[in-house]
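Mind docking chain B on chain A? Use the hints.
Number of protein chains: 2
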Amino acid sequence: MNIDYSKVKKITINAPLKLDCGETLEKFDIAYETYGNLDETKSNAILVFHALSGDQFVTGTNNVTGREGWWNQVVGSGLPIDTDKYFVICANVLGGCMGSTGPKEINPKTNKPYGLDFPVITIKDMVSAQTHLLDFLGIKKTLSVLGGSMGGMQALQFCSLYPERTFSSVPIACAASHSAQNIAFNELARQAIMADPNWDSGNYFLSGKVPRNGLAVARMAGHISYLSEQGLQSRFGRKLQEGDGLNFSFDADFQVESYLKYQGYAFVDRFDANSYLYITRAMDYFDLYKLNNGDLSKAFKNTNVKFCIISFSTDWLYTTEESKKIVIALNSIGAQVSFVNIVTNNGHDSFLVNEPEFFQTLKGFLDSTYEDFKNENSR
Amino acid sequence: MNIDYSKVKKITINAPLKLDCGETLEKFDIAYETYGNLDETKSNAILVFHALSGDQFVTGTNNVTGREGWWNQVVGSGLPIDTDKYFVICANVLGGCMGSTGPKEINPKTNKPYGLDFPVITIKDMVSAQTHLLDFLGIKKTLSVLGGSMGGMQALQFCSLYPERTFSSVPIACAASHSAQNIAFNELARQAIMADPNWDSGNYFLSGKVPRNGLAVARMAGHISYLSEQGLQSRFGRKLQEGDGLNFSFDADFQVESYLKYQGYAFVDRFDANSYLYITRAMDYFDLYKLNNGDLSKAFKNTNVKFCIISFSTDWLYTTEESKKIVIALNSIGAQVSFVNIVTNNGHDSFLVNEPEFFQTLKGFLDSTYEDFKNENSR
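Protein chains in written order, with my numbering: chain A, 1 to 379; chain B, 380 to 758.
In isolation and in its complexed conformation, chain A is listed as follows (with noise of 0.2 angstroms):
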C-alpha cells in the first residue's frame, strides 16, 4: 500500500507527546477531514472516532484508496450527522497507516519507516493525540465525541480524560475493557500476521513483500466476529457459489467463503500489517476499570457530559451486556444518560450498516443535545 501524501491533509504537532508506555514523541502528525462548517458560536462540531480498520475519511470518496467513506450513511448532507448542520471532524488515530504518526511513517531518528521501532500505543495516547486537532482547529468544546467499537472506546476515554472538552458523547457498540473473547481474536489476528515470512519482524519496508496472506487471514477472522449467527445464517446459510452441486475442492463453495476471502484480501491493499498490530494492541490495553482502580464510576466522577450509549442485541464482540456496565457505572454517579439497545440481526456491524433506529436514535440525541448546548453557548 503506498500513501498519497498530496491527497492527505495533517498537521505536525511540534510539542512532545508523552505515551503511557513511557516513550516520549517528540512531534507526530495528525492526519483528518474535516466536513460541513464551525458555526458562530462553535457549537456544532463533532468529533468522530474511527475503528479498527477506518480512517479519517469518514464520508464521501476516500481521496487515497477511492473507496467511499466507511460512514457514508450516517455522516452527510440530510444523514443522521448532517453535514449541512454540524462541522464533523475525524482524525486517524496515532499508530495508523493513513497519514498520522505509525509504524509506517519514517522514524526521524533513524530516517527509516518506524516497523517495530514504533511504540505500544494505546488508546489514551490516541486520544491525548486528537486534543492537539482540536486546538489546532480552534475547538475549545465539542457538541459531541462519537464513534463505535474502538471509536466507542476513544469516546469513553476521551470523556473520562477531558470532560470540560465535550458536551455529550455516544459510546456505540463499545466496552469500558477488552473481554477475554476479544482478545483471544485480536491475538489470532496478531499471530496470523506475524506467522506471514514476508512480514519480517515487521523490516517487510525492507524487502517490498507486504505480509499480505497473513493480514487477509487476520482480516477474515474480523469479519466473523463482527457479524452474527443469525446474520450469517440468513445472509448466506449454506448457499453455494454456483450451480447445484459440491466441487469437491478447496475453492470457495459456499458463499460466505467467497465473502470471507473477498473481505480479507480486498483489505490488504489499504491497510498496513503493522498497524493492525499496533491498533489491536491498543484495543487489548484498554481497560478503564483497572484505570480506576476496578471502579468504573471513577472514570466519569463529576462529569457534566451528556451521554448517549448504543449497544445491539446480536454484537457478541461488544455485548449489550458490557454497554449496560457503563450504563450502571454512569447512573451511580448520577451522570446524565440515555441507553438503547437495538435489536437486530446485524450484530456488531450494525453501527456501520442500515439500521433505521440507529439512525433515529443518533438524531435525534444530536439535534437535542445541540439546542442545548447552543443555548449553553449564547449565555
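Bear in mind the hints are in silico, worked out from the structure with no lab data behind them.
Hints may contain errors.
Subject to a maximum C-alpha distance of 25 angstroms in a straight line, what follows is the list of computed DSS-like cross-link-like pairs (lysine-lysine) [claimed, not checked]:
(1) A:Lys85 - A:Lys18
(2) B:Lys640 - B:Lys588
(3) A:Lys109 - A:Lys140
(4) B:Lys640 - A:Lys239
(5) A:Lys290 - B:Lys618
(6) B:Lys669 - A:Lys239
Just chain B now, kept in the frame of chain A:
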C-alpha cells in the same frame, strides 16, 4: 509429524470404497483401537466417533504421541463409558492422520503421499469406511454409536444410513448441517494453512518443511470457537502472564494469548495440515437436510434406534437450537428420543471436560439401553 506405524493397529480393507465425490478408493486402511471385551451376546459394543482433531486413542495413553487419550475422563474402568462393561471401538477417520488412509498416506498409484491428490471426502464416506471395521470385528449391531462435534455428525449419519446396525445413538454437541458461521471458521482455518508458504499446495512432504505457522493459527481459531465468552472470561479474563504491568510489546501479555499460542503450536506436532483441510471440508459439506430434500425427519424414517441428543447451553458453535431441530425431526416420526441440554459455561468444549451432569446422562442412557439390548439379543 512422523507416525510410527508399528504402534498403530490397522486393517486393510481390500474392497473398493465408492466416495461421494465420484472417485473410488480401491483399498484403504483403517487404524483403530478397542478397549474392554465383547460380551457373549455381542450386546456391549460401542462405536465412538472422534472429532476434528481427535483420533482412535480415546483413552489411556496414545501410543504414538504419548499424550493422554482425548476422552480419558469419559471412557475407562468405572467411568461413564465403563470399559469393564463395554467393548469400545474407535477408528481414525478416513482423511485423518493417525494411520487411516488420508492425504499423508502413500498413494498406491504414485508411491508418494497423496497430498491434494487425495479425494475430498464426506462424513458419509467416513462412516461407510467404519462399517468395514465393524464387519472385521464381527459386530453386526452395536449397542451404541456416539461422539461429540464431528463425532456426533458421524453418529447421525451412521444412524441415517445403517439404522439396522445400532441399537442406540448419542449425538453430542453437534448439528445436522454446518451453519454459515461454522463454515466461516473452518474456511478461516484453511486459509491460514494454505497461506503458509511451507504448505506448498499441499506438497510439503517434498520439502520436508511443515506449514507449522499456518496450522497453529488454524488451531487457534478453533480454540476460540470451542470456548464460550463466559468461560474465557472466568478462566482468563484480563489476567496477565506475569506481574501487574503491561509489557508494551507483541509478546503474550495476557494469559489468554499464551493459552492460544500454546494450543496452536502444540497441535502441529501431532496433526497433519492437509488432514485438517480434508476433515474441515467434510464437516462443511455435512448436510443431512439437503441429503433428504430439506426434510430432516426423512433421514431417520422408520428408525428403531433409541436416541439421546445432548447439547450444552453455551456451545455457540453447535447451538442448543441445532440439537432441538434434530429432536423435533425425530419426534415428528415417533422415534425414541430423549434430549438433554446441559447448563454450563464450558462452551463446545463441554463434552471433553469434567461435566458431571453430562457424565450422568451418558452413563444412565448407556446402562439402561444395554439392559434392553441384552434382553433383545437373548430372546
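These are the hints, each one checked on the structure:
Pair hint A:Lys85 plus A:Lys18 does not hold up; C-alpha atoms about 36 angstroms apart against a cutoff of 25 angstroms. Taking the CA atoms of B:Lys640 and B:Lys588, the gap is about 20 angstroms. The hint holds against a cut of 25 angstroms. At most 25 angstroms may separate the alpha-carbon atoms for a hinted pair to count; A:Lys109 and A:Lys140 exceed this at roughly 33 angstroms. Distance check on the hinted pair: B:Lys640 and A:Lys239 sit about 33 angstroms apart at the alpha-carbon level, beyond 25 angstroms; violated.
As the CA atoms of A:Lys290 and B:Lys618 are separated by approximately 11 angstroms, the hinted pair is consistent with the 25 angstroms bound. Straight-line distance between C-alpha atoms of B:Lys669 and A:Lys239 comes to about 11 angstroms, which keeps the hinted pair within the 25 angstroms bound.
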